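Asks: Listed below are the residues making up each chain.
There are 2 protein chains.
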Amino acid sequence: MAKRLGRGTIELEKKPNIIGNAAVVGKKEGEGPLAKEFDEVFEDITMGEDSWEKAESLLLKNAVKKALSKAAVNKDEVDAIFSGDLLNQCIGSSFGLRDFEIPFGGLFGACSTMALSLIMASLAIETGGFNCTVAATSSHFCSAEKQFRFPLEYGGQRTPTAQWTVTGSGAAVLKQTASSISPYIDKLHLGTIRDFDITDANNMGAAMAPAAAKTISDFLTDTKTAPSDYDLILTGDLGFVGSELLRQLLIRENHIDIKSVHNDCGMLIFDREQQDVHAGGSGCGCSASVLCSHIINSIRSGKYGKVLFVATGALMSSVSSLQGESIPGIAHAVLIKGGKA
Amino acid sequence: MAKRLGRGTIELEKKPNIIGNAAVVGKKEGEGPLAKEFDEVFEDITMGEDSWEKAESLLLKNAVKKALSKAAVNKDEVDAIFSGDLLNQCIGSSFGLRDFEIPFGGLFGACSTMALSLIMASLAIETGGFNCTVAATSSHFCSAEKQFRFPLEYGGQRTPTAQWTVTGSGAAVLKQTASSISPYIDKLHLGTIRDFDITDANNMGAAMAPAAAKTISDFLTDTKTAPSDYDLILTGDLGFVGSELLRQLLIRENHIDIKSVHNDCGMLIFDREQQDVHAGGSGCGCSASVLCSHIINSIRSGKYGKVLFVATGALMSSVSSLQGESIPGIAHAVLIKGGKA
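Chains L and R supply the protein sequences, listed in that same order. Going letter by letter, the first sequence gives residues 124 to 464 in this note's numbering. Going letter by letter, the second sequence gives residues 124 to 464 in this note's numbering.
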């Protein structure tokens, strides 16, 4: 049985193992610093499909397929898949997963979805009623820009705080195995919505940083640990602006200094100097593709022993922004452990 | 520990009790057959807010508040709330729940959300790591029409198969108590996406019926039960057209006749003759407000002992429809039991 460590914070007894993981990305991501870690890189932004939305579904489909294949698990052995995305009514997931015929739990966590899906997939296994589950998510630069900002043809100027939505998808296959195989999910924390009245939809990092600060602070308190207990505290997609704000907030509000162990998927995926991405990467696919390639691979190889993965999401829509609403942020945390070399 | 009865079908050990439930609806719903069962009826379609989206958030907020109050639970005692809705990026839930400061798991299941949220809230409790959880969802006729169909001012003609999106919200508070208090969640089934190539966005019942048929058939098989073992098999919002298709499909494909125990929230909430709703009610708030008032109250009073609640969702968006895609359906099931008088 899981142990309640605090409100929304639990320690899993079954330690679901990540028995397979895969990341599939677009051309720009395939030219970045993590290029060699991805399982598949598409050269064409439509992936041969006739719309960007369908392209996003294909990214997800391929990521799930590859993760299952690497886990040596047939799709019929999967008891549940948890996924969601940024598109209206999460059509990236519904259409991407339609053909798998796996029981499906649809999620909406904006860019925090990879952590949310890992949490749901872990809880399902922890109950004992599900043997094997999959956590996944996706995003696509063009489908997101078109939906949230401007038509791409318009060629709008991006602000310095703007982040670049990652074209990519990540998937992880979880299973409770007889022996504890690295990497595994040890603890998790379901985050709380936090709204600091940020209204600039081109500064997502600032909108999400307060939620990340609360989640990290709550998790460290509930687990009675300090940043130095982790090899890496990895936020989802705060980017360069949001990451700096997070570090400052944690020092000012909680006297916690994470600088020596902190990194952010939005800072890792692109080369800031060479790739013109302004404040870094974002989108559900950002943390998903970084976690499900470079990070999990590094845990598996023994480079990292304890990674606190904190994916962050901005829970707004273009309608809420046009109606003058601020941007509520959320951050969910998953502690992934392995046998450090 | 939960028992795996089949793929996606589990029997809970902890039998989470529904210790509080509430339904808040709009004027039209308050004039229907279930009028006296609702906890709050708004006379004004904007609920005093300055947009329909904000009105929807208020419906959800009030339903959760009332459910907590009826359960005699303070919001600080809730370990997690699971919710989602039909609005782009689920802003009904994010903004409606923002002020509660409860750990939040965002969901997207379209009109199946009430069952999906009950499943997630139950799984969380079943792990042992969460003491008290809330399941909720909402919909609003005007915010849905505006987003999915036409501006209301256009006064578009509705087709005979069209359903009327319910303005309403339902919430249920779950807790594992020392003794088994009626009503409680006994078993659940996470549904699989099913797509029968329906492309008519004005015939949601037809798009969702195949998924409901699969879920009911799978659940009965996995639990080795027959329709006669239940006092009520209650589908979410198939309406009059979809319900008839469901019954026919189950007979043709599975030789299962549910007619004597089947009803549908979309048929229960409005008076077909008096209220001009064509094929019945729909929307996340339809099954949520019917379940969290009339049905749970009837279990509590001893009228029903075993209710199989099967909420159905159509996983499309206006973009997927415009791109020529068919409408994938999904249905999740929750078996709610009580002490029948």
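Certain hints may be false.
One copy or two, either will do: identical chains are not told apart, so a pair holds if it fits within one copy or between any two.
Once the Cα atoms are required to be at most 20 Å apart in a straight line, the calculated SDA-like pairs of lysine to any residue come out as [said to hold, decoys possible]:
| id | residue 1 | residue 2 |
| --- | --- | --- |
| 1 | Lys-269 | Val-442 |
| 2 | Lys-188 | Gly-428 |
| 3 | Lys-429 | Tyr-277 |
| 4 | Lys-150 | Asn-386 |
| 5 | Lys-159 | Ala-195 |
| 6 | Lys-198 | Arg-127 |
Read the hints as simulated data drawn from the structure, not as lab findings. These numbers were taken from a predicted model, which means no experiment stands behind them.
Asks: When the structure is checked against the list of hints, which entries are broken? Sort them ascending.
Replies: 2, 3, 4 and 5
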